[in-house]
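Make one complex out of these two single chains by using the hints.
Taken in order, these protein sequences are the chains called A and B.
First residue of the first sequence? That's 1 in the numbering used here, and the numbers climb one at a time after it.
First residue of the second sequence? That's 1 in the numbering used here, and the numbers climb one at a time after it.
The set of hints was computed from the structure by calculation and includes no laboratory data.
In this text, all values refer to a predicted model and were calculated from it rather than measured experimentally.
Each residue gets a CB set at the ideal place from its N, CA and C atoms; glycine is no exception.
Treat the hints with care, as some may be off.
[As the list claims (entries may be wrong)] The calculated label-pair distances, taken between Cβ atoms and stated as ranges, are:
(1) VAL144/B with LYS219/A: 25 to 31 Å
(2) LYS51/A with ASN4/B: 53 to 59 Å
(3) PHE166/A with GLU198/B: 28 to 34 Å
(4) VAL155/B with VAL53/A: 33 to 39 Å
(5) VAL110/B with GLY55/A: 23 to 29 Å
(6) ALA113/A with CYS179/B: 30 to 36 Å
(7) GLY115/B with ARG76/A: 42 to 48 Å
(8) ARG235/A with GLU32/B: 36 to 42 Å
(9) VAL144/B with PHE166/A: 52 to 58 Å
(10) LYS257/A with VAL110/B: 29 to 35 Å
(11) ASP148/B with VAL53/A: 39 to 45 Å
[Claimed, not checked] A few chain A positions that, by computed beta-carbon distances, are all more than 10 Å from chain B:
(12) VAL19
(13) LYS22
(14) VAL38
(15) LEU72
(16) GLU86
(17) ILE139
(18) GLU159
(19) ASN205
(20) LEU208
(21) VAL210
(22) HIS233
(23) GLN254
(24) LYS256
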Amino acid sequence: MILVIASRADLVGPLLAEVLIKKWPCRLVIAEDIGHHVFFDTEGLIVFGDKFVYGDIKIIFNRILNIPFTQLGSCRNWQNLMSLLETGLPIVVNRPEVVMGNFFKPCQMRILAKFFHVPKTFLASYVPLNVKKMVVKSISSVRSVVGHAEDLGVTYAVEPVLVQRFYAGFHVRLHVIGEFYTAVCIYAKGVDYRYCQNAQFDFFNCPLAVVNKAKAFMKMVGAVFCGFDFIVHHRRWICLEANMAPGFVYFDQQSKKPLVMQEVVNWVQTFF
Amino acid sequence: MGTNIFLVSGSSYVTAFRWHLKQCGVHLISAEELMSVSSLRSLDALSSAVLDCPLGISNHVRSACEQDRNYIASSWSAWMQSLSGQDSWQAFCPWLWLRSHVIKQLSCPVFEYKGVKASSEIMPFYLIENQVRKRQIAVRYQGVWHGDQVSDRLVHSLDRLFCSQLLTVECVLQDGRWCFLQTYPGLPWGHYVKKEDEVMHLLANLFQAPKANVTIARRFRPFC
Chain A
1 MILVIASRAD LVGPLLAEVL IKKWPCRLVI AEDIGHHVFF DTEGLIVFGD KFVYGDIKII
61 FNRILNIPFT QLGSCRNWQN LMSLLETGLP IVVNRPEVVM GNFFKPCQMR ILAKFFHVPK
121 TFLASYVPLN VKKMVVKSIS SVRSVVGHAE DLGVTYAVEP VLVQRFYAGF HVRLHVIGEF
181 YTAVCIYAKG VDYRYCQNAQ FDFFNCPLAV VNKAKAFMKM VGAVFCGFDF IVHHRRWICL
241 EANMAPGFVY FDQQSKKPLV MQEVVNWVQT FF
Chain B
1 MGTNIFLVSG SSYVTAFRWH LKQCGVHLIS AEELMSVSSL RSLDALSSAV LDCPLGISNH
61 VRSACEQDRN YIASSWSAWM QSLSGQDSWQ AFCPWLWLRS HVIKQLSCPV FEYKGVKASS
121 EIMPFYLIEN QVRKRQIAVR YQGVWHGDQV SDRLVHSLDR LFCSQLLTVE CVLQDGRWCF
181 LQTYPGLPWG HYVKKEDEVM HLLANLFQAP KANVTIARRF RPFC
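Next up, chain B with everything else stripped away, as it sits in the complex (with noise of 0.2 Å):
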């Protein structure tokens, strides 16, 4: 408790999750709200921002600007990345994200579709079958994994890859193997939607951990 995040999510599922979010000390800027914030000068002041689903939030602003809509497009986003305080640029790259570009780099056993189908080939997506098929999530916020225990060479991979404060990582148990099946930079909204009782450990564990104790420091993690 008592932390001051403020988390700008472009996901289309976390209004849901407000409440829970504020339990944690965590205040919500969701895609739709950004464009209200009266004032870029005193988010800056913001003890700090945390990016969420950045690709909704660029799609948000796109689709939300009728007039010259690719210069308030690029203006928002570019103030959001400076908002971050990440020195990268990644988490906008929507081809990084491509899960047959992130395969390519991977070498772990990888979900094959055998008679389902993803809804998109841009993260975030999810199987028609989600809630019935065995999953792992793991989460990464500022350099520490949380949630369920995966490979530790994919997780060194994926360290290896990102940089970006939050990233989700999700496997699935295919032919009695944990298999990746997607990587993006956020926060697994979309899996807990009518799970809402099994957020909060989750977010617990993300935003109260004395992160003081459990945080690498930046300069120990030249890859990441």
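If we strip away everything but chain A, and leave its shape as in the complex, we get (with noise of 0.2 Å):
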């Protein structure tokens, strides 16, 4: 059995769900229901009056992107969740410590710049923001736009902001789950394109050495399935950030392929 454990504002878990659930025996699970229609004991969970073991559950998908820190104090079916994606199953897609990482860009870059080229960054506070070609986004998983200062109309940082050297190339988002992968190759006018309305979206074959290096630094954090954000300037790759719970729907809508989904689907295979 696969379980798939989404916020209710999530978007892809109810799609991945919708596809795996025609393959094999899945079920999703809407975090906000913890308590009061879904119960995690330490045997197995209740789903509507539905009970399973938890030694039938052979895949999670975790994701949970907002964990609610006052009910984990004391919500015990809550912390049973929670444990049990930590240590209670072998494939958790990603473990709640894993998934973190979006929260901590700039430790996250620390790692990254282990494997990859990353642009030089430096973090600002209380500080006014007229660099030129730099980028400012938000230093956690808060969505930000990204862009130059001067475009955003930011002139001054209050609370911590990464500024980052900008560089002009095309996009490339490479996703990654288990030895499963594919890349798409993106094209925009602008610094952030998912707010670029003639963004192009195209097939990638990534080169193998930039696969090699991914799988490398899942490894060293623990992550079984991640999406990474590459810009290819003048054939040298930098890589911008690593995401724990990709919104890979958002690319496969853009590029009108299910390219990941159809890895995801690959990669579940051999499990059954």
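So this is what it looks like as structure tokens:
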């Protein structure tokens, strides 16, 4: 059995469950139902009255992006779930501790730098942002528009922000799950392709050397599934970020091919 | 003496020990003071910064920021992580410090609640009868353990599980044997409230020891 646990706001979890349920026993659990309609005890879980033992679960896809810290202190179901995800089952995509890497980009950059070229980065707070050829982005997992400070109208940073050297080039998004991988290249006029109307997404044959470095990074942090953002600048691969809870459906929709979903299915197939 | 350590602490008890820390050459930045630090770049240039009870800092920032709470809180949390210089973010994962979660991974006697209640499941917490039970406290700083001699098996298990720069483990005497009570990424300030005289010995050992002689290099500690 496969379990997909997702926050209600997550778009990926339901689509993933919809695909997997056609091939294997699969159940979608919405995180906000935990403690109300979904219960985790020490032996198994109850989902809207249906009981499952943990021993029957082969894979858990963890799409919980916001952990309710206050509930964690008092709700036994949340405590059991987090323990289950961290150490209770052998295959969790990805474990909560790994997903936390999204929250600490500077720390993640230090690890990425062991495997890839990364942009020169510094942290800023309480400083004017008038540097040219730099981009400004959020330091944490909270989504922000990435761009030149002057284009964003940001002249002063109070909270900590990441300021990085700007590289011109085309973007590559690489998804790796286990031994499977696929990539798309993205051509866009703006710095942040997510907010460019005419961005073009196409399948890209990613060099094996890059894929192998990505796998080495994943092994180091304990990730099973990861989405890497690169800029290819004069044939030089600059790694911008690694996403431990990748929103891969967006890239499949933009490229109009279920490239990543197919690789996820291929990977799951190896366990059945 | 003469060290230049900045202790960034989320403990609600720590301000009572500012003078003691100063005596050991440690500058305290409490959670209340964090948001008024004028420039991050000047802090980046510090010789070293140590995180103490980071979950308390996160909670403080989260409760202090009225506007756009999540973004501000996560920004400061992420910055603190970068400041610590550690290659792990586990100190900020509260579920890893749940007593129920830690116990599952330890193979040692565990303190059982008999007529006492913990203040919380998330570390740190203190038993109501904290002051009367016999207690062992050991603190790991930069890979080296100080304080009471707790069991080797427990120490090895904790070294395998956690890589925080500061780590405290507490054991309580129950039915004639030492039992694991709790562990958390920080110093046991709550234990030393009203016992300030006892804290100097621990702090002096932690922050004034010649680290070059006693610290095990990270590359020789693959699980730590």
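* Against which earlier hints does the structure fall short, listed by number upward? -> 3, 6, 7, 8, 9, 10, 15, 16, 17 and 18
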